[in-house]
Amino acid sequence: MLNILRLEFLLILRSGSHVVLAFSFFLFFMLLFALSTFRDNFILSGIGLTAVWLSLLMSTLLTLNKVIHEDFESGVLDYLLIADIPIEVTLFCKTIVHWISVVLPLLLITPIVLLTFQISSYNIIKTVLILLLGSPSLSFLGTMISCLTLSNRSSFLLTTITIPFYFPTLLLGVFCSSSTTTNLFAFEYLLLYANTLFTVVLSPYISSYAIKLNYS
Amino acid sequence: MENRLLNKFWKFSNPVLFKKLAKIISPLAGLIAVLTIIPGLVWGVFFTSPDYKQMETVKIIFIHVPAAFLAINIYLMMTITSLVWLIRRHFVSALAAKSSAMIGVTMTIVTIITGSLWGSSTWGTYWVWDPRLTSFAILLCFYVGYILLWQSIKSLETAASVTSLFCIVGSVFALLSRYIVFFIDQGLHQGPTLSLDQEKNIDNSYYFPLILTMVGFSSLFVYLVLVRTTTELYKYKLKLIG
Amino acid sequence: MEKIKKISISINSLSCAVDGKVILDDINFSLTSGQSITITGRNGVGKTLLLNTIMGFKASFRGKIFINGGDLSSNPSNRQEQIGYFGHKASLQIGLTPREVLNYWKAFYSSDAITSDLIKFWELPNNAVENCSKGQRKRIALARLSLMQRNIWVLDEPTTNLDPVGKEKFLELHTLHLKSGGLSIITTHEPEQFKKSKMINLDRYRGNLSQC
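Residue numbers (the working numbering), protein chains in the order written: chain E, 1 to 216; chain A, 1 to 242; chain S, 1 to 212.
Don't read these hints as lab results, they were simulated from the structure. One should not assume that every hint holds.
To be verified - Below, simulated BS3-like cross-link-like pairs (lysine-lysine); rule was C-alpha separation at most 27 Å, straight line:
1. Lys20(A) / Lys212(E)
2. Lys64(S) / Lys198(S)
3. Lys154(A) / Lys198(S)
4. Lys106(S) / Lys169(S)
5. Lys58(S) / Lys237(A)
6. Lys58(S) / Lys239(A)
7. Lys11(A) / Lys64(S)
8. Lys6(S) / Lys169(S)
9. Lys120(S) / Lys235(A)
10. Lys64(S) / Lys6(S)
11. Lys20(A) / Lys21(S)
12. Lys195(S) / Lys89(S)
13. Lys212(E) / Lys64(S)
14. Lys212(E) / Lys198(S)
15. Lys239(A) / Lys59(A)
16. Lys59(A) / Lys237(A)
17. Lys239(A) / Lys212(E)
18. Lys19(A) / Lys21(S)
19. Lys21(S) / Lys64(S)
20. Lys235(A) / Lys59(A)
21. Lys212(E) / Lys169(S)
22. Lys198(S) / Lys239(A)
23. Lys120(S) / Lys89(S)
24. Lys21(S) / Lys11(A)
25. Lys212(E) / Lys21(S)
26. Lys21(S) / Lys237(A)
27. Lys120(S) / Lys64(S)
28. Lys154(A) / Lys212(E)
29. Lys58(S) / Lys89(S)
30. Lys198(S) / Lys106(S)
31. Lys154(A) / Lys179(S)
32. Lys58(S) / Lys169(S)
33. Lys195(S) / Lys169(S)
34. Lys235(A) / Lys64(S)
35. Lys167(S) / Lys196(S)
36. Lys196(S) / Lys154(A)
37. Lys237(A) / Lys19(A)
38. Lys212(E) / Lys58(S)
39. Lys58(S) / Lys120(S)
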């Protein structure tokens, strides 16, 4: 499994222009939020947490076609299906790699971006922690839906129909980020963790089933 | 005994038998729809006393509630037929899900429009992000996603399988979103209009016409879904020949 | 190469359909260790479809596929253990170099083949696959085939785009594969090069339209 993760990272390293793109997109999108509330610090700090969730969601959405679509089109997926490693494990690794390569860098830059949104450092730490615990579900849900839409190349379709599946995560994420509880085991946080665990566990199985359906 | 009954039921997954059955049931359902919706609406709109607070606008209930009832239950029905397709591979089942999706969208939109008209007079606004309203917006998204997915895949069988999985997973996520929305905010909307628990129900003078229109809307749905599924079957056959 | 045990594959009245239309109807053949079969036919007759069905990439088919007497649809893990595949697409990660590609697949097929031997044998270049020619890509894919170390080879036009030297290398490898007890199913437009191979022409197996 570690070996597979290493190989998938190698792939990202060699043909991972989307990582830089997602990173820039995230920053640009945040800038859009900042510009739209230009010179109004009150609104700026109000929308900061929402903006960071939305930008993260958008940059994840735009990179989803890199997870499995390219492998399907080039035919690599055929060989992955008949490999000794179960396809569920492969998908799990691919998704983890997607999360680490696309989402994690965004989380690292988030504190700096949020500082410019006039948000207190305590809230920043909390938000980053929540993002860290909540965002894996974005990648895993994305893999699931991209496996569903394999038969259609358009990444526009993938993006559009993934959005409804992001509702629970977004709702919980923004709610937790703006909640005033300090206890990280309050009910809303537990719900967010449950959501993440649920998608992480379920996604590889549903994805592999979806791939098999697409191969019929 | 039960087993034989089930076998009889599955027999109608055969397209030819299904078409025969649809030919018998659909006019009946259409007739029931006409015979219940018109009297129900006439009774409800003209022969009930207006509410003391909401005046005449309350009568939107006779369209709003049946449409909402259908909007939710059609998705439930699609989930069940999708499961049937994935497990037992009856193509009629997949086509039934496909043809009910459009009706579901219509019903959801009708619910939202009538609801916002109602809201404009009682709450003073067309739309608030109240949990109930939000969950209908979410439901609409899943319906639209389902239809988009159907249209985007060329191979019929793949499309049927993939959309079925979308529908099943989607129902889980729609429910999840709904409960999260309710958890976050309790909302303005009144509680459920009808329930099995008699004490909470609305006044009898509204109750009976409402039941009448609900039956009417449901049989209208049965009529439409049978007609549409038969059409889909013919379209599929044409595609095979052509 | 290790000693390969006795192996057999048999295909019983296989019919393949695409979207309700029967493309191939009632195909039968069986092979045992050391045998190969070439599948010929016009373009679009369904050669690739047949291979895809055997590989499990197409789910809608009627009939049975047996490997060593066991039904494949009730025991799909047999496919993972036995069948090595070579598709008509090269299916390579274009960002990697051939060595990295082979290492990648080596992990996925838990193979103990030595990558540098394969590279030397197929004379693979040291630049990214992106810059490789079609023939070179075919060579990499063929190297992956030997890397799989599977007993049944399912090959889709293995020799197109290969230069004469490459073809010879492949035929040599193929003979070795058969000698060591493997078997192979090959689609090709040049059946002459596979000597002593069974032949089947798919033009005769065109399906009729099914009834809905």
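Verification of the supplied hints:
1. Lys20(A) / Lys212(E): violated (34 Å)
2. Lys64(S) / Lys198(S): Given pair Lys64(S), Lys198(S) holds - Cα atoms ~20 Å apart, limit 27 Å.
3. Lys154(A) / Lys198(S): violated (37 Å)
4. Lys106(S) / Lys169(S): Since the Cα atoms of Lys106(S) and Lys169(S) sit roughly 21 Å apart, the hinted pair holds (cutoff 27 Å).
5. Lys58(S) / Lys237(A): Judged against 27 Å, a Cα distance of about 21 Å means the pair holds.
6. Lys58(S) / Lys239(A): Distance ~20 Å between Lys58(S) and Lys239(A) Cα, so the pair holds.
7. Lys11(A) / Lys64(S): This hinted pair holds, its Cα atoms lying about 26 Å apart.
8. Lys6(S) / Lys169(S): holds (25 Å)
9. Lys120(S) / Lys235(A): Measuring from Cα to Cα gives roughly 57 Å; hence the hint is violated.
10. Lys64(S) / Lys6(S): holds (20 Å)
11. Lys20(A) / Lys21(S): Distance of about 24 Å is within 27 Å: holds.
12. Lys195(S) / Lys89(S): Holds, at about 25 Å.
13. Lys212(E) / Lys64(S): This hinted pair holds, its Cα atoms lying about 19 Å apart.
14. Lys212(E) / Lys198(S): This hinted pair is violated, its Cα atoms lying about 32 Å apart.
15. Lys239(A) / Lys59(A): violated (46 Å)
16. Lys59(A) / Lys237(A): violated (45 Å)
17. Lys239(A) / Lys212(E): Distance of about 24 Å is within 27 Å: holds.
18. Lys19(A) / Lys21(S): holds (21 Å)
19. Lys21(S) / Lys64(S): holds (19 Å)
20. Lys235(A) / Lys59(A): violated (40 Å)
21. Lys212(E) / Lys169(S): violated (35 Å)
22. Lys198(S) / Lys239(A): violated (37 Å)
23. Lys120(S) / Lys89(S): Distance of about 23 Å is within 27 Å: holds.
24. Lys21(S) / Lys11(A): At roughly 23 Å apart (the allowed maximum being 27 Å), Lys11(A) and Lys21(S) satisfy the hint.
25. Lys212(E) / Lys21(S): holds (20 Å)
26. Lys21(S) / Lys237(A): Measuring from Cα to Cα gives roughly 11 Å; hence the hint holds.
27. Lys120(S) / Lys64(S): Roughly 40 Å separates the two Cα atoms, so the pair is violated.
28. Lys154(A) / Lys212(E): holds (17 Å)
29. Lys58(S) / Lys89(S): Holds, at roughly 16 Å.
30. Lys198(S) / Lys106(S): violated (31 Å)
31. Lys154(A) / Lys179(S): violated (44 Å)
32. Lys58(S) / Lys169(S): violated (31 Å)
33. Lys195(S) / Lys169(S): Distance of about 15 Å is within 27 Å: holds.
34. Lys235(A) / Lys64(S): violated (31 Å)
35. Lys167(S) / Lys196(S): Status holds; Cα separation ~17 Å.
36. Lys196(S) / Lys154(A): violated (42 Å)
37. Lys237(A) / Lys19(A): holds (13 Å)
38. Lys212(E) / Lys58(S): holds (9 Å)
39. Lys58(S) / Lys120(S): violated (35 Å)
Checked against the numbered hints listed earlier, the structure breaks hints 1, 3, 9, 14, 15, 16, 20, 21, 22, 27, 30, 31, 32, 34, 36 and 39; every other hint is satisfied.
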